[in-house]
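Visitor: Can you make the complete structure from the sequences, with help from the hints?
Protein chains in written order, with my numbering: chain A, 1 to 330; chain B, 1 to 330.
Among these hints, one or two may not hold up.
It does not matter which identical chain is used: a pair holds within one copy or between any two.
What the hints assert, rightly or not - For lysine to any residue, the following SDA-like pairs were computed, each having C-alpha atoms within a straight-line distance of at most 25 angstroms:
#1 K238 x G147
#2 K68 x D93
#3 K68 x Y95
#4 K238 x L295
#5 K238 x S263
#6 K68 x R96
#7 K68 x R170
#8 K68 x M106
#9 K238 x R10
#10 K68 x G268
#11 K301 x L29
#12 K301 x Y261
#13 K238 x G297
#14 K68 x T209
#15 K68 x L109
#16 K301 x R206
#17 K301 x C64
#18 K68 x Q36
#19 K68 x S133
#20 K238 x A275
#21 K301 x D93
Worth flagging that the hints you see were computed from the coordinates, not collected in a lab. The structure presented is a predicted model; accordingly, all values stated were derived computationally and were not measured.
There are 2 protein chains.
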Amino acid sequence: MSISPISGRRILFAGGCGFIGSHLIDALLQRSDVEQIICVDNLWTGLEDNVRHVTDPRFSVVTCDIEKFQCEDRFDEVYHFASPASPPWYMSDPYRTMSANIGGAMRMLDLLAPDGKFCFASTSEVYGDPLVSPQPESYRGSVDCTGPRSSYDESKRATEALLFEMRRTRGTDIRVVRLFNVFGPRTRPDDGRAVSNFITQALAGRPLTIYGDGLQSRSWGYIDDIVEGLARYFWRDKIDYPGPLNIGNDREVSVIDVARYVSQVMGGCPIQHEAPVPQDPTNRCPDLTLARDLLPGWECKVDYEEGVRRTIDWFREETGRPAPRITLVS
Amino acid sequence: MSISPISGRRILFAGGCGFIGSHLIDALLQRSDVEQIICVDNLWTGLEDNVRHVTDPRFSVVTCDIEKFQCEDRFDEVYHFASPASPPWYMSDPYRTMSANIGGAMRMLDLLAPDGKFCFASTSEVYGDPLVSPQPESYRGSVDCTGPRSSYDESKRATEALLFEMRRTRGTDIRVVRLFNVFGPRTRPDDGRAVSNFITQALAGRPLTIYGDGLQSRSWGYIDDIVEGLARYFWRDKIDYPGPLNIGNDREVSVIDVARYVSQVMGGCPIQHEAPVPQDPTNRCPDLTLARDLLPGWECKVDYEEGVRRTIDWFREETGRPAPRITLVS
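Guide: Written as structure tokens, this is what we have:
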């Protein structure tokens with residue numbers, strides 16, 4: 001009598017060529033129980049460069065909209081990270097944004113094995129322009145469902161709704177995280193959000209652009225810390241809590257302070273103000289009570305100053321640009 | 001030289017076999033500029049009986065999910081009324097509810113002529129369990145996007161988002177109404193909401209069931225008034241306001257008062273209380289400032305007492321049941 005080998009986990013990852021997705025794939029590939037990862041990405045905002053370093057034979061990329069992905073297989077774990085996350089990108093094609101999120105989730109539900117696990121990257125944008133701070137997961141949010149950010153915010157809310165209802169009606173095993181602002185290496189230079197904007201502007205010798213007065217606050221989570229939180233939550237089997245779970249840094253810093261810091265370490269760049277982005281939230285800060293309870297010991301260890309310096313280093317390597325004026329301060 | 005006749009309007013109506021949809025189709029067929037109405041309905045909650053009286057050759061029914069409807073034509077007006085609206089129905093199949101609303105809207109956008117008009121029946125449920133009363137259209141709502149009502153609430157919110165974003169990015173002509181509680185003839189006997197529940201229970205000689213204490217309030221709009229408001233808003237060409245527009249009755253009445261009234265006119269039925277429905281909103285009342293401004297002279301003329309009596313008459317005719325114990329009070 002021979003004992004059949006236990007077959008490994010088959011994973012479907014939508015949006016794996018994106019900034020956060022590609023880092024989470026690096027972490028997934030460190031798991032020895034993973035047999036296969038199929039990454040589906042339409043390369044709208046994702047970049048093949050983000051996974052070019054992966055040589056692991058268990059990993060493959062299919063260039064396709066996740067909502068149209070055809071496959072006979074069923075997967076033990078699905079990760080839904082397929083969405084643009086930066087306002088200029090999702091505002092440019094809201095139909096596609098909503099299709100990727102909601103249609104993508106519907107398709108992935110169909111591709112999930114009966115006892116499979118569905119992991120979804122939701123967002124702090126479900127809180128809209130919050131009227132309470134910090135935001136606990138129980139806060140119902142303040143989103144204008146007719147506004148210019150609604151294609152993103154409402155498709156994330158609707159996808160959460162779909163998943164929680166699949167859990168209620170079908171018993172689907174789900175894990176839903178709400179990610180606050182994340183930054184770090186592999187952000188697109190043209191991503192359009194604050195940290196990467198400031199760094200690419202500084203590297204190009206241009207003024208740093210702030211939309212509005214810059215007093216709007218965000219909580220800046222460095223990618224390594226965020227991925228550690230995701231891995232710990234998504235991969236543990238013994239958690240009975242399906243989410244939603246805030247994942248982020250609860251140190252709230254204003255956009256103008258980030259600009260000033262980038263300016264300082266890049267040798268003094270001028271800062272210029274432009275018209276505010278419509279319905280830009282005034283504040284955003286996670287209540288991490290639940291995360292600390294579920295993931296003991298986890299926290300964002302890289303402060304934003306250190307994270308900004310690491311991101312500058314990465315952008316500089318990527319652009320191959322000498323930076324004689326840069327003065328690193330620690 | 002001959003002058004081509006002006007061809008009439010081609011209309012696609014999703015959910016036209018439903019309670020509200022079928023009444024609006026009756027109104028549409030009174031328009032002489034309408035050349036064709038294709039009604040697409042999967043008969044999940046709609047009933048063919050609701051349109052059986054229609055003999056107009058311009059009207060036809062296709063039994064199909066709207067999100068899967070295949071058609072080469074493009075339509076001058078589309079009406080998206082395809083969704084279950086009663087909690088026990090939409091809670092029983094949230095995937096299908098969300099697919100009908102959001103997938104249906106995406107499909108109908110594809111089928112809309114370039115200069116066509118998209119009319120959407122949204123809902124007061126986008127306000128969730130509101131913290132302000134009455135609710136103006138600018139109120140962002142208090143919806144738990146992970147809760148048991150979320151498949152309906154969030155798919156209506158997401159569909160609004162999609163349509164407003166199509167207007168912003170593509171200039172699509174949209175009209176979005178938020179309907180408050182509507183009642184009247186052609187409600188399903190097993191619809192599951194208060195007025196029809198009470199009437200069918202009373203006709204069957206059973207106690208009237210109230211979920212919770214019955215102090216939760218609703219604004220009860222009689223179908224004829226609601227359809228008049230819809231027709232005036234949807235069909236006027238000179239309105240530059242795409243919505244959202246509250247349509248309803250702003251007389252707020254508690255559920256228990258409705259039960260007592262039904263009991264009174266039906267000759268005295270006992271009322272029994274059952275456990276509250278999860279996340280049942282405590283109150284709901286439209287701020288009609290905008291509707292009164294846009295549709296001068298329009299208001300809900302049929303008070304709920306009169307509407308309830310008309311609805312009782314209709315149910316009695318439908319069931320063919322003699323009702324010796326009924327005492328109509330005016």
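Visitor: Which of the numbered hints above does this structure break?
Guide: Of the numbered hints given earlier, those the structure breaks are 5, 10, 14, 16, 17, 19, 20, 21, listed in rising order.
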